[in-house]
Amino acid sequence: MKRTLGVCYYPEHWPEAQWEEDAARMAALGLTWVRIGEFAWARMEPVPGRYDWDWLDRAIETLGRHGLKVVLGTPTATPPRWMLDRHPDMLAVDAQGRPRGFGSRRHYDFSHRGYRGDCARIVQAMAERYGRNPHVAAWQTDNEYACHDTVLSYSPAALAAFRDWCAQRYQSTDALNRAWGNVFWSMDYDRFDDIGLPNLTVTEANPAHVMAFRRFASDEVVSFNRLQTEIIRRFSDAPIAHNYMGRITDFDHFDVGADLDIASWDSYPLGFLSDRLEASPEHKRRFLRQGDPDLQAFHHDLYRAVGRGRWWIMEQQPGPVNWAPYNPDPLPGMARLWAWEAFAHGAEAVCYFRWRQAPFAQEQMHAGLLRPDSVPAPAHDEAMTVVQELAGLPDQGTAKADVGLVFDYASAWAWQTQPQGRDFDYFRLVFHIYKGLRRLGLNVDILPPDTADLSAYPLVLAPGVATLSEPLLAALAAHRGQSIIGPRSNAKTVEFATPVPLPPNLPGLDATVMRVESLPPDVPVPLVGGGNLLHWREKVETSGDVLERAEDGFAALIGAGGLHYLAGWPDETALDRILTAACGRAGLQVEMLPEGLRRRDSDTHRFWFNYNPVAVEWAGVTIPAAGVHWVAL
Amino acid sequence: MKRTLGVCYYPEHWPEAQWEEDAARMAALGLTWVRIGEFAWARMEPVPGRYDWDWLDRAIETLGRHGLKVVLGTPTATPPRWMLDRHPDMLAVDAQGRPRGFGSRRHYDFSHRGYRGDCARIVQAMAERYGRNPHVAAWQTDNEYACHDTVLSYSPAALAAFRDWCAQRYQSTDALNRAWGNVFWSMDYDRFDDIGLPNLTVTEANPAHVMAFRRFASDEVVSFNRLQTEIIRRFSDAPIAHNYMGRITDFDHFDVGADLDIASWDSYPLGFLSDRLEASPEHKRRFLRQGDPDLQAFHHDLYRAVGRGRWWIMEQQPGPVNWAPYNPDPLPGMARLWAWEAFAHGAEAVCYFRWRQAPFAQEQMHAGLLRPDSVPAPAHDEAMTVVQELAGLPDQGTAKADVGLVFDYASAWAWQTQPQGRDFDYFRLVFHIYKGLRRLGLNVDILPPDTADLSAYPLVLAPGVATLSEPLLAALAAHRGQSIIGPRSNAKTVEFATPVPLPPNLPGLDATVMRVESLPPDVPVPLVGGGNLLHWREKVETSGDVLERAEDGFAALIGAGGLHYLAGWPDETALDRILTAACGRAGLQVEMLPEGLRRRDSDTHRFWFNYNPVAVEWAGVTIPAAGVHWVAL
Amino acid sequence: MKRTLGVCYYPEHWPEAQWEEDAARMAALGLTWVRIGEFAWARMEPVPGRYDWDWLDRAIETLGRHGLKVVLGTPTATPPRWMLDRHPDMLAVDAQGRPRGFGSRRHYDFSHRGYRGDCARIVQAMAERYGRNPHVAAWQTDNEYACHDTVLSYSPAALAAFRDWCAQRYQSTDALNRAWGNVFWSMDYDRFDDIGLPNLTVTEANPAHVMAFRRFASDEVVSFNRLQTEIIRRFSDAPIAHNYMGRITDFDHFDVGADLDIASWDSYPLGFLSDRLEASPEHKRRFLRQGDPDLQAFHHDLYRAVGRGRWWIMEQQPGPVNWAPYNPDPLPGMARLWAWEAFAHGAEAVCYFRWRQAPFAQEQMHAGLLRPDSVPAPAHDEAMTVVQELAGLPDQGTAKADVGLVFDYASAWAWQTQPQGRDFDYFRLVFHIYKGLRRLGLNVDILPPDTADLSAYPLVLAPGVATLSEPLLAALAAHRGQSIIGPRSNAKTVEFATPVPLPPNLPGLDATVMRVESLPPDVPVPLVGGGNLLHWREKVETSGDVLERAEDGFAALIGAGGLHYLAGWPDETALDRILTAACGRAGLQVEMLPEGLRRRDSDTHRFWFNYNPVAVEWAGVTIPAAGVHWVAL
Ligand SMILES: [Zn+2]
Ligand SMILES: [Zn+2]
Ligand SMILES: [Zn+2]
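These protein sequence lines are chains A, B and C, in that order. The opening residue of the first sequence carries number 1 in UniProt numbering; numbering runs sequentially from there. The opening residue of the second sequence carries number 1 in UniProt numbering; numbering runs sequentially from there. The opening residue of the third sequence carries number 1 in UniProt numbering; numbering runs sequentially from there.
The following block holds chain A by itself, in its conformation from the complex (with noise of 0.2 Å):
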């Protein structure tokens, strides 16, 4: 596949008579792609009910006119103030109670029935003026779905349809009651409108409460995109995106997915790696104006999964951001080294955010391809490096893998709502592995949880899984690879109890987890082969081999045949020799990879990014810093 580039832009930002240089200008790079309209609600509809298109038809038709793709957006992430005159209730309300109001973005609650009426009218009109229209080539659901923590929500809206949600489930208060288990603390519900939202209570909500609420407020998203998915299904041919956003796990990816053409996401190395990642004061020093080397990695073979392999980049960082609680200027060649990082895992498109710096309201801050002046900052011109060399490669395919790790949003929130030990968090756990996986040069695969074929994947990973479903479990007793499950994993029933017989009772795997401890980080658990476990470890009854073992004489790695367990978290000393003693067994090639120096392969080429600060010799070749190099394979 040709992989192209765009950009995302803001007609409405700008003097009409601005248009057409910036398409010229845009066309002159050689982008592909105009991502626009998703903020753009109160311009469409100024007054509630009067439409005001002309605006819109004329950027889209300046654009086109350039050869420009359009990405369309429905603008549901931002209503415009008037709607909180039809609804004064739509408010998301937040976990202390207090209503999350007007004035910036995503002021809305997912499960308001008469927002989504409203949503449902905007996107319907849109399709109705755009489906057909020639430049528009995909759309785009809303944006960033979850973005400011926006998708539980403790509002009266929220509890009805929670309660709406339960009695479908259960269907009766005595299901709920056993499934919940209630009668722990006296907390059977006698009637489905008795039952609350999990916050402000006293101590500890009930953990299935919780995670009762966790799957309902997913759902609210997937029926929430649904509703726009099919209206713009029944006016327009062009495929559907979302974009999705770093390290965000609070609905399920794969379910929203699974009603789009194209998962995107909207990727910005620095602004992660200074506000959400676990990593020491060095690995962010070192790279603070790179990123880390693998959480981009990690997303993209993530919304790959989602996307059914149809994925983009929908923002991409371009210099210096607003929002994180440092904002560096990337070092020079990382917009190219992101792109081609993205491209070598198989994106169809990169989409810079944004066209020009606006230098006004919330994001005067965030950078561009070009300055608020319009003279074309660094990104730009990397960008059109980006461009030229694409054209000078033959189309790239996805490569096959050789590990599938799987993935799991509703384990993410099982060990939000029970995380037992300070430190136990799902995705840190999962990334955790990755990085292990990515250091020995690896290809991966993330794997949706009811993942049924894993004939493909010499070898399987599936830590921190808190329920294996049906599918996957006979997928792993039939699997003739390696695989490693746990720590943690099968941990739960789906209704959040401990399953008897005790986890992680995997098919031909005798090991029962009699006991686990959560330690502080300082308290490690030396393995005898070198290495730790740390921040959680689990004591096993066992009559498998016993591969790894902690000095205490507890068993750390057991296995059967290809099955394995994994009893704890592994340092990345022991996690190293646990992943290359398992490719060994699986008949993977690794190649431990120095600090910051990443490998990918396309179908037909090798990838190499480095991104240290400092150039790296590896392989006969040097690579300078925030340098990509490749070669055919």
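These are calculated hints, taken from the structure and not from any lab test. Any given hint could be a false lead.
Claimed, not checked - Just so you have them, the derived chain B footprint on chain A, three or more residues with Cβ under 8 Å:
| id | segment |
| --- | --- |
| 1 | 430 to 438 |
| 2 | 466 to 473 |
Claimed, not checked - Residues of chain A placed beyond 10 Å of chain B at every Cβ, according to the derived structure:
| id | residue |
| --- | --- |
| 3 | P15 |
| 4 | P88 |
| 5 | R113 |
| 6 | G181 |
| 7 | V183 |
| 8 | G196 |
| 9 | P198 |
| 10 | P359 |
| 11 | G421 |
| 12 | P520 |
| 13 | W630 |
The beta-carbon is built from N, C-alpha and C at its ideal position, and this holds for glycine as well.
Given chain A, put chains B and C with the ligands in place with the hints provided.
Here is chains B and C with the ligands on its own, set in the frame of chain A:
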């Protein structure tokens, strides 16, 4: 007295078919006590006014048939959901103004008269039914008063009750205004109904207002509890206990205890070390799987005082718990060691919490004597060892203590109200002194603040007692032994004013605190004799003997006869010297124990406890890690 | 001018029988001023509309009889409890939506028109009665505006007033929408009554919205104060002051000061060091009992500007206070040193807070000149020394300053609204520069942001001024001396947009900030000449002279003629070099002072202040710890 073991059990959590086998296994283990009932209101009264006692009758009968004695708990800590329909305003309100809702436990306001009525009703119904049941050998009121920060409520119910309390205490607003010094910032009240609760003020509320509110809140717990004891006593002769929680000072346990026959407390050594103890990271790491070597002992001594000699452990940690920041597995042997430490301090009974780990709801990660699959957990076998050891020892009585240490709940409120320095905490100060005494191998009695006779104690300490009571002042004046008062003792009037003449104003000791300073932890005040004052120091004018002096010339320990005033918070080095010297003057033999090794006498035996993760050799004996050793006296 | 001492006194706190002796002792000590009245509303008007002036008459008369001059404070910071019955909605509301209730002080909303009416009434009643009293020699309005974070309120009263303010400023919502850039996220308003306050938004509010709200809130303080000064002036010719609090920037002190005759501030050097100063632990430890060597001086210079030359210390710390995280005792001599530092900076009067330590209510741990038992505290005798020293010196005038340093309250709001990096704070930046100037022994004048004439200053600095005013830009263009503008100066329009052409857009200096980065404290940007940029750096295009350059090649200090732009936040090393070089070009003699030693000139003398806890030898003189030394110029 014959010491006994018991367990907490929740028949309502398990199929009735399992009760018989559970009871048989408890009896086989050698347990004496089974605590039941305290969270089962929804099963006892599933519909308002319709009681269901059948299941409880059968549960008690099953246990009794196996020779087990029942401790029956009133279920008032877990009102059913329907209670909120009867009393929508029964919820406590936190300091931020948020109601603390249904969905966990302790969701009631102590001041709500309507809820109190329903509590009286259920307690009377239970007492009528089980007051003469031969298997019900003790009662427990409610569960862990104050747990989850539930004493202080800012609800309308609390406000109304507080106004009444003020009217009763002060009789006129003029008297109240003068007592509180309301003239200070024009804070005078004209009517009792103008008085508010001391939360959400613009800057700090008047500390006299806060202290009055703290006294009121404690009194509310006392009368809430007394309501239950008065009813139970009308129908039963069995002793009544309450299970207090560790390091909770929000109400006066002596006042509640005055209405009870037995004090009991819930001992979670690992959780408390992780969650609620000031200690260095090294200390927390060393004792991670054993708990602090003194915290249990302190509570044992405290509750022996609260129970006027009769005390239990109602809940003993048996394995990892679920609620601390980190939840490690106890070292093998600790479930035995903790029981013996309690018995050495005079406990009548030690009950493990709980029989079988529940696989559902909030505490599914909390260990029991049995795993969720009914397999014995390590603590099961350690309990069996204790049963056997008890059988091999003669009955044990409580040793006569060498040292009296005053503990005053009102002082905890006082210094929370006005810490004056970030690190000043009353419990922390008293416990710091207690640890010094225990390092010297001393047996300690905790004394209530109105103790009127100190003649039994060669050495008495009263650190941080905000207001010395008249009886205690008289007892100090009459005391022939050594005493050390201060720091920060007798520093306030009952109405939280600074007394004039200035503190400490002790009988027979010329010493005036001219001014005080609170200090950051990195600014010690060195003493001439070595060591430092930390956190807090007072500058005193005195004509008394100066036993310790700071390098800047100010007196640090002042004496006249046996009475001493300590003008600061000594570090360990200074404290060890001060206590050793005082013991010398008092004729007490001391033995400076190595880290983690502790001793305690019963009337016939000396017990040694090794809290270290390694063996310790002492006095020619090697005590293994987590080991207990005893010799006849 | 003859410099004088005074004291704060609360006759209503003491039995009337004590007043006479107090006044006699104040006079004997040599005090000139007694500040009274500002918290006594409940005594002045115990019942709405019924005034009681008798006690105040007698108090003033008693003081006056002893030759003392009264500063009479209006009591509007402490409305009585009955005021809330008249105006239940008069309370401010915090950013979380919680009313800030009765029970301490400052419990009012500046925007509440009903409360303003009652303020006008009590002020008029006082002014009528005491406006011509021969002993009332000065007035004080209210007390410490903004203290306890009371400027920003999110109440209905504030909302209504803000809407009016917007309507007046912008005249139409179209103009407002354009000014704020509301198109950005469909945030447009159709009616002024749709505008909300910028709290509790889902993510950050529009910074232009926030800045408008900050300007409004400051204006509300100004008009609240003006209401009082206009009334007082109708009845009295005595000068009017307000007592500002240290490091508070929530309203524009220059604007409030324009309506007053005297600026005064409340100086708590130890509390401020502990509570509100960025400094290393070492620095805080070294100056724990002395206070930061520059913070007082900075405020002295600031309030000399706010008072247009006339300024006082209205409250001077005399010993330990009660409100900081830690409250140490000042080193002996500090109560004298602080007074002399103030006089050297031109203070007319220094009043200690307070006469006698109150034994009750919120400030019972706050030292006075007397202890609660009326015994003199150390500061009493130090004040006596100052009185004697003043008598031995000729009258002192204010020295001509070498350096002008612009201070702009709106910039503090701007960079709180949009710090862009966690460590960027306007006051911190300006104070950092000020400390550099003071290390060089320079006398500094603070300049308001609309300064139109810089000709008196060989060196002018304007770091962090968000928007350079027209007069200041003109004055800079006309300036013949040296000036250093930046970092982050002229970076915003008045409506908080990024200006195009890009900043700094200075007259005669070709320099364009292409982009900026905020950096964590462990990532310095090294300069070729030594030292680093910290926290903040800008990448500039320029054809000007590059005086300082970063090792990565970007210019750090750019000049054209005498005008310079500083493109980052220099560390101490870099700052010292930059300032020394600038002083060299400006023809100013500098003297690099040792740590903790500072100097300041009056018109006739040079004063040396040793803030160190040890003696310092300098220029052949040994100055003891906490010592002051002076020589005639
Ligand atoms: Zn067209
Ligand atoms: Zn029976
Ligand atoms: Zn007179």
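A quick look at each hint next to the structure:
1. 430 to 438: violated (count 0)
2. 466 to 473: With 0 residues close enough to chain B, the hint is violated.
3. P15: holds, 47 Å
4. P88: Given a closest Cβ separation of 22 Å, the condition holds.
5. R113: Its Cβ never comes within 10 Å of chain B, the nearest being 25 Å, so this holds.
6. G181: violated, 3 Å
7. V183: The assertion about A:V183 is violated, with a minimum of 6 Å to chain B.
8. G196: The assertion about A:G196 is violated, with a minimum of 6 Å to chain B.
9. P198: violated, 6 Å
10. P359: Holds: least Cβ distance 39 Å, greater than 10 Å.
11. G421: For A:G421, whose nearest Cβ neighbour in chain B is about 5 Å away, the distance does not exceed 10 Å, so it is violated.
12. P520: Contrary to the label, A:P520 does not stay out of reach of chain B, its closest Cβ about 5 Å off (not over 10 Å).
13. W630: Per Cβ check, A:W630 is outside 10 Å of chain B; nearest 46 Å; holds.
The structure fails hints 1, 2, 6, 7, 8, 9, 11, 12 (numbered hints given earlier, in ascending order).
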